[in-house]
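The task is simple: from the sequences and hints, build the whole structure.
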Amino acid sequence: MLWIQKKTVFLLPMITVNRLSVNFTGDCLFQNVSFVVGNRDRIGLVGKNGAGKSTLLKILHGLLHPESGDIIITSGFKTGYLPQEIVSDYTTTVWEETMRAFSEHNLLQQKIVQLTQTLENRTDWESEEYSLLSQQLADANERLHHIGGAAIEGDTEKVLCGLGFKREDFDRPLQTFSNGWQMRVSLAKILLQNPEIILLDEPTNHLDIESIQWLEEYLANFAGSLILVSHDRTFLDRVTSRTIEITFGNIIDYKCSYSQYVQQRLERIESQQSAYDNQQKQIADIERFVERFRYKATKSKQVQSKIKMLNKMGLVQVDEVDKSAIFFRFPPAPHSGRVMVELKQVDLGYDSLNVLKQIDFHLERGDRVAFVGKNGEGKSTMVKAIVGELTPQSGKIILGHQVVIGYYAQNQATLLNPDKTVFETIDDIAVGDVRPKIRAILGSFLFSSEDIEKRVKVLSGGEKSRLALAKLLLSPFNLLILDEPTNHLDMQSKDVLKNALLQYEGSMILVSHDRDFLQGLSEKVVEFKDKQIKTCLGDISDFLEKKRLDSLHELQKSAIKSMASSTSTTPSKEQWEQKKEREAQERKKSNQIKKIEAEIAQLNEKLQIIEQKLAIPEQHAQEVEEGALYRGYEEIKSAIEELEEEWLTLME
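According to my numbering, the sequence shown is numbered sequentially starting from 20.
Warning: the hint list may mix true and false statements.
[Said to hold, decoys possible] Straight-line alpha carbon distances no greater than 27 Å define the calculated DSS-like cross-link-like pairs of lysine-lysine that follow:
id: 1; residue 1: Lys548; residue 2: Lys565
id: 2; residue 1: Lys185; residue 2: Lys403
id: 3; residue 1: Lys566; residue 2: Lys607
[Stated by the list, open to error] Label pairs and their in silico Cβ distance ranges:
id: 4; residue 1: Ala620; residue 2: Val337; range: 58 to 68 Å
id: 5; residue 1: Glu605; residue 2: Phe346; range: 51 to 61 Å
id: 6; residue 1: Ser494; residue 2: His420; range: 16 to 26 Å
id: 7; residue 1: Arg162; residue 2: Leu556; range: 50 to 60 Å
id: 8; residue 1: Ser494; residue 2: Gln611; range: 44 to 54 Å
No lab work stands behind these hints: they were computed from the structure. Backbone N, C-alpha and C define an ideal beta-carbon position, used for all residues, glycine too.
Have a look at this one:
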């Protein structure tokens, strides 16, 4: 159930930014920036990594101060700020730390107790002082009621559960959780404090898909204003209705969501460029006229008129566009056997903690699979087991013939040696023909000649992620495993990575919560839930649609069950016949599904035989030359796709 806050509707501007300027180490981050944040504004801050988005949020929250300019926040309005990274030094449980959000509640309750005790011990009921204390007690009780003092425990439970915590987690020490889960507690505290203005810096980085969807619904009902930084295109589209772009120290304000902003930005620049070209042509014509007739007395008036026209002409400006972008392609995938990875009855966990139980998983050459599920359900655990970083508690993990793994860990950026330079990080593991290309590789990931001498510890989160991705290009592989690769990457970098993955020829396992990034990258989705895995054919949109339908079916089943329990009447003959008909239809559907699955299995066997022949074409020269193998291959693939579509329709 969604928790909806009760807030007053404000009519005044909440924040006014006037001629804001910020300089860091001689570089101008902002120059005379001005804008207004109104009531219920939903603003997405966009721009490349390093443009100043996080800095602007810190200034609005009062953590940093600009060199010049004014930030005016309407009196009485509070800001709640979630940073991109937190410094954790917790000694409390999840519940205790979250309840610290209610500092005003706690102070009011202490005041109510003190005033009540004081009044009980007094007997001067007619005095002015007694009357004043009574009024203070009434005011404190009224204020506590106004801010929802009676419901704080229920609200806390709803928010924590919405962000993915289980009730048994509430009493666990917070320091036993990862930084991502600690970040969720910080977010919960902000939401529970009900500030008039919420400032969020990459809130989805540590949330799974279900928690992101919960947060989207929560923010849709938030009665104040919201300013957020995010590289999740779907999240921005569903939450924001205004986009502020930060580019080259300036801002451009678009009254629309992110996807509309991308289109409007393109149209705006095209329009400016067209106007600029037309004006330059007009200026050139005028200058030619002036030059030609400058010294002719009969044309002197016209010449002077043209010169005045030039002087008065306001030059059309074309917005600067930051065109720098990473560029790379993954190396060609070496040949491997048909089976890439196989897990048989595998139990996975840490010490006595069991995370996954009796898992069977099969990945073939060319398969592209997305791992999804709530955080803590075992996605990264299974990835670590496949790459050999974690030993199974029981069962077998078998890597196929000549399988070479390229692995990007969820914490890959933090695994880099902080004391090495960017160049040393790559140089230490580069071998053979790659070594002379190190500078070119780093250049394609936007590291300049000055940047490559920087220590890793001074790099931003986005720069560390780009460096970790660059390491993947140093050797070829045929199984690519990426665990949350988009964290800290800007939109443009994510698009480049996605394009490179679409062109990658090998097998792939992709762990991500970014729905827009996942779209189109996988043919199967593996859901992790309750120590088990479940495979869904199709990409992420097919999976989410099926989840939505499953939720509706569960609600319907619950309603039917409730009705059945409330009525103890014996089913009529007509109801019995309808039930039998439904059961017969279900059996028929089940038989159809089994038949299709058997046909798909037979076709896959035929496909494997053709693939084996194509792998050694010299032994099947005549079939290759006549094109029979290729035609057979395409026909079988088309037949499999049609059967899979029919299977998916029946399953839904």
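Taking the CB of Glu605 and the CB of Phe346, does the distance hold inside 51 to 61 Å? This hint holds: roughly 53 Å between Cβ atoms.
Holds or violated: the 16 to 26 Å window for the beta-carbon distance between Ser494 and His420? holds (18 Å)
Honestly, do Ala620 and Val337 meet the 58 to 68 Å range at C-beta? Holds, at about 59 Å.
Using the beta carbons of Ser494 and Gln611, state whether their distance is inside 44 to 54 Å or not. This hint holds: roughly 47 Å between Cβ atoms.
Holds or violated: Lys566 and Lys607, Cα atoms, limit 27 Å. holds (24 Å)
Does the structure keep Lys548 and Lys565 at a Cα separation of 27 Å or less? Judged against 27 Å, a Cα distance of about 15 Å means the pair holds.
Is the hinted range of 50 to 60 Å satisfied by the C-beta distance from Arg162 to Leu556? Since Arg162 and Leu556 have Cβ atoms about 56 Å apart, the given range 50 to 60 Å holds.
Would the hint linking Lys185 and Lys403 be met if the CA-CA limit is 27 Å? holds (24 Å)
Of the hints listed earlier, there is not a single one the structure fails to meet.
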